[in-house]
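We have chain A; now place chain B onto it with these hints.
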Amino acid sequence: MAAVQASSSTIRIDMPLLEPPCAGAQGRMLVLLVLNQLNQGDCERASVKLNDEQLKHLRELVREALEEAGGSQDDSGFWGDISDVLGGDFATLCQVVAIAAASVCTFGAAAVVLGAIAIACTVASKYAEELGIPPQVAVGLGIAAAVASVASGNVGGAAQGAAVAGSTAAQTGSQAVRVIEVAEKVRDLAKVGASAFSAAGAFAGGVSGYYAGEAVDYQADAQDARNQRTLTSMEMDEAIERLGTAIERRLSLIVEASQMQDSSQRTNQLILGATA
Amino acid sequence: MTVSGINHFSHSSAVLDTSGQLALLVLESQEQQQASHLQDLALARERFVVESNEQVEAMHDQADAIRRGAVFQAGASCTAATIQIVDFLEVPDKGKCEGPIGEISAGLADGLSEPLGKWLGDAPAADAAADAQQHATQAQQAEWQLSDAKDAIKRSDNRQDQALQWLSGEISSEAQANAAIIGGYA
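Going line by line, the protein sequences match chains A and B. Counting from 364, one number per residue, gives the positions in the first sequence under the working numbering. Counting from 1161, one number per residue, gives the positions in the second sequence under the working numbering.
Excised from the complex, chain A in its bound form:
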């Protein structure tokens, strides 16, 4: 830019030379062309300056948007970890305990089998990624776990009724009843725990998803600013090229004008010499 300005100011200083008092029509036209090129050069210089300021502003925008995106990504990761721990590990553990306790307190063979299926499906769906299970299969396993869990509880509930009735009839206050009561409490507590952890995990997952969305939004803003920067940069390059061309043309016009003046002078001298 400094070089461009320097050369431009040199040309401005030389400009009076272009306006000889006796310049013909061609000379005047050349002067007009040079002036035109000067004006164009000024416009291009202003355009370059504007584009430069805009580029700085866009660079700042990109930097800010990327920083925000990074922050949101970090937040999303943090809440995602919390969600994984609460809704994944803790809730799964509670579910496993609840299903096991349900099987114990019902004495039902079907409930045990269903419970085992529910445990397997729950664990498999929760750790699908680590086990290399495709997402669709994981979703199916999750649904299967839920169905098996519900069925286990219901089958267990029916068997429990029969077992309690039988055991109450056979031996009241026996050891089995106490085991069933403890297992029931454990099952209920584990169910509530699993639900609470699931809810907390789901909430944390929602917050994580919100921040993940924010991060993508900021990335989109950064991309927008980058695209604008590309366009501005192109416009600036074009303006610089046009400025260079204007300066070159101005110089060549000056050379042309001086040659024209020389030639005119020589012709005049020739005519004068011959006349004399």
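These are calculated hints, taken from the structure and not from any lab test. Incorrect hints may appear among the rest.
[As the list claims (entries may be wrong)] With a Cα cut of at most 30 Å, we get these calculated DSSO-like pairs of lysine-lysine: (1) A/K419 with B/K1314; (2) B/K1310 with A/K412; (3) B/K1314 with A/K412; (4) B/K1310 with A/K419.
Chain B in isolation, oriented as in the chain A frame:
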């Protein structure tokens, strides 16, 4: 120099010899080519702007889908947990057996949370990401077209300069010849 097919150089070509007229023709041809390249440049720029805007829009759609999926998934899971807790806290009347409605609906809500999240969140987000990628590729192609058009304009400019120099040389040699003739007569 050539507007709507009218040759603006033709007025001056009457006083030029064959090579001067040829230089004029080259100049005109380059002018036309440059006009065509300028049109290409404008089109490529417009395409770049459109594709870039669509890419950004697709990224915003992706963000919206991620948020929507997270809200629905969390909502379904929280609903399931709430149903389970309420079901647990509700004490059935004596002699009445607790119905399985609570457990079934909780299980359903819990089981549906992940498919809901995937259906309303992950899948549209992946779609939007693919769209954004496609628009990014097209914007990149438009950028290459822009660069090509600029190069072509530069080449055309150079050829125009060469033709102008040639024409200028022709005019000055003709002027010298005229001066010599005038000198000879004098």
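Status of each hint after checking the structure:
1. A/K419 with B/K1314: holds, 27 Å
2. B/K1310 with A/K412: holds, 21 Å
3. B/K1314 with A/K412: holds, 23 Å
4. B/K1310 with A/K419: holds, 24 Å
When held up to the earlier numbered hints, the structure conflicts with none and fits them all.
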